[in-house]
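So the chains spell out like this:
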Amino acid sequence: MSNAPESTVSAPPRAEAAHDLRLQGLTKEYATFTAVKALDLVVPQGQFFALLGPSGCGKTTTLRMVAGLETPTSGSIHLGDSDITYEKPYKRPVNTVFQNYALFPHLDIAKNVAFGLERRGVKNTKQQVAEMLELVELTSQAHKKPAQMSGGQQQRVALARALINQPEVLLLDEPLGALDLKLRRGMQLELKRIQTEVGLTFVHVTHDQEEAMTMADTIAVMNGGVIEQMGAPTELYENPRTTFVANFLGQSNLIAGDIEGRDGDQVKVRVQGAVASVPADRAHAESGQGWLGIRPEKVLIAETGHPIDAPGDVITGGFVTDVSFVGVSTQYQVRMPWGQELMVFEQNTGARGMLPVGTKVDVSWRPEFAFLLDASQDAMAGIEGD
Amino acid sequence: MATVDDVATGGPPEHRPRRNLTGYWLILPGALWLLLFFVIPFYSLLAASLFDPDGSVLTGYDVTFHVQNFGNAFWDYKEQIGRSLLYAALATATCLVLGYVLAYAIAFKAGRWKNLMLVLVIAPFFTSFLLRTLSWKLILADDGWVVDVAQAIHLTDALQLVNLADGDRLLATPFAVIAGLTYNFLPFMVLPLYASLEKVDVRLIEAAGDLYASPARGFLKVTLPLSMPGVVAGTLLTFIPATGDYVNDQLLGNTNTRMVGASIQSLFTKENDYATAGALSVILMVIIVAAVMVYVRKAGTEELV
Ligand SMILES: Nc1ncnc2c1ncn2[C@@H]1O[C@H](COP(=O)(O)OP(=O)(O)OP(=O)(O)O)[C@@H](O)[C@H]1O
Ligand SMILES: [Mg+2]
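Protein sequences, first through last, are from chains A and B.
Sequential numbering from 1 applies to the first sequence in my numbering.
Sequential numbering from 1 applies to the second sequence in my numbering.
For the record, the hints were derived by calculation from the structure and aren't laboratory data.
Check each hint, because a few of them may be wrong.
[What the hints assert, rightly or not] In silico negatives: residues of chain B with every beta carbon more than 12 Å from chain A:
no., residue
1, G23
2, L26
3, L45
4, Q80
5, A105
6, H154
7, D201
8, A207
9, Y212
10, G218
11, P225
12, V247
13, R297
[Said to hold, decoys possible] Each pair of labels, with its calculated beta carbon distance range:
no., chain 1, residue 1, chain 2, residue 2, range
14, A, A178, B, W113, 29 to 39 Å
15, B, E198, A, K126, 30 to 40 Å
16, A, R185, B, E198, 47 to 57 Å
17, A, Q340, B, W113, 26 to 36 Å
Cβ coordinates follow ideal geometry from the N, Cα and C atoms, glycine included.
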């Protein structure tokens, strides 16, 4: 993983920008509500790009503007050199896999898949349709109607119907949303394989953070109509820039602290009497109050008096209030002297038995894994289950 | 009475496959209704069509299985029958075009005016069918401004060219009869069309646009096929009653626009020729049923969702 420089656009600069999708200052206002606010982003050609965010954050609206189904209030959309902001939907080299599939109920599967080609006047579609159905493994279903197919099969038809047109950009609006977990995992791999195979630009909308992380080259985390952060999955996970990203993508412990200032390439933070440090490139606040963040699996735990494996910044005086065993790991809740509960995930290596509830413990983490966020943000932002 | 077997099986009560008769009981009221108001009148109609044509109110009628009634009636009234089918077809086609546009506008473009517009579509039903048709007589009257306008824009000339009017008038012409039929049956076309169009998912139309279909192509390939059930229902609801209609032709037409409905009515009520009237009714019914069957098969409703 590369630590990207301080820029909102994560994609490394490349020579050919021929068919990149560029959104500039894209805004969509409804009568009383701004669904998308001045969105800037570049999706490099051939990338698997995920737009991740909670329900209602403007993901579908963004896709609809790219597809031409919604007119932006302001801003522009470019595909390569051409401005397609106000281009008619049927003239854009963009296809969509809709959130609800939107298969034509009166046409059989083969005709659904051939629809786009036929509208563009392609004469002999048989061969291409057959190849596409083979790709999505539905060859034997070609003459069924959509209503006679399962959800997963319909989803694959929707995918085939869009893919066959070889669009410059394929928009996928939570296409896996309706599938059960197992089918979903299968389709994720499938989608990724197809994307690699055909090499098209995919913009994949989802509110499943795991899905975004496993599939995408780049993730943009969206919240309330703006992009909070954009970058490679590892970058977003390891070095979140906002509390929303820290909580929405995985889980985080956020501890209030006073920023003491910069010391070389470290930033010092006073947390509840102890001093912790954060690498300067992971510190997104420079002075005043801050949230010191650490992922639960990066926190080490040991019974008070016992040595900690690879200690870094240590805080003492906690005790275990909850333990849950989840097979590969054990998840602890540790109450700290100032009353906050920290999450600690420990790999079940077998090196030590489980610590029972009530055990007095010390916690520690390597400073290079910590991050520092501005205290003006809500520490609970983006916590799932709301 | 419990037998030894019943006791022996024990456990949860055995589920015996018993004929469920509820369904048949539910059919009963409808079946009685049909018997009373369709089968019995139809039987008497069929009987009348086989009366001895020499019978009269005074001498009484006998069912003599005089099958020639059919041939005679058809031969004598073939013009009226043909005219009925033609006028009904023209009125249905006009209704389909006007009704489709209207239903489409209500379903997709009316926004919050939707309910108001639907009420307006059925508003004519609040006054008598007869009164409304009579008022068309006034509207199309020779000294009315409608005729003046029609003459000014050469509508009357155009109508004469296609034999739907004679002279510079509108009233008492085939055009007036067809217009009256169109007017009277339009709601029967609009409502089923609206019901079908309303169900068309706009997201499918968007998907068609996303897949390179211009709005016109999208309409032809998606909206229209999905509204076919409404088209079929609407045309049937318009064509069938329009074929048998006897009011528009009598109020708005002339002696050369007689439709078969009017002929049947006058045979029954004025000339007391029950045999011919009955035969004519049966013939009309057979023609309509045959036409509908051919049409429904052609329209391929089984292809539709
Ligand atoms: N036609 C409209 N008029 C007013 N507000 C709208 C309209 N369409 C969408 N919105 C609002 O815009 C916001 C963004 O909607 P959008 O459909 O883009 O959300 P989303 O991120 O796709 O959510 P989900 O994950 O639930 O699909 C929502 O708060 C929604 O209520
Ligand atoms: Mg959405």
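Honestly, which of those hints from before does the structure not fit? 7, 8, 9, 10, 11, 16 and 17
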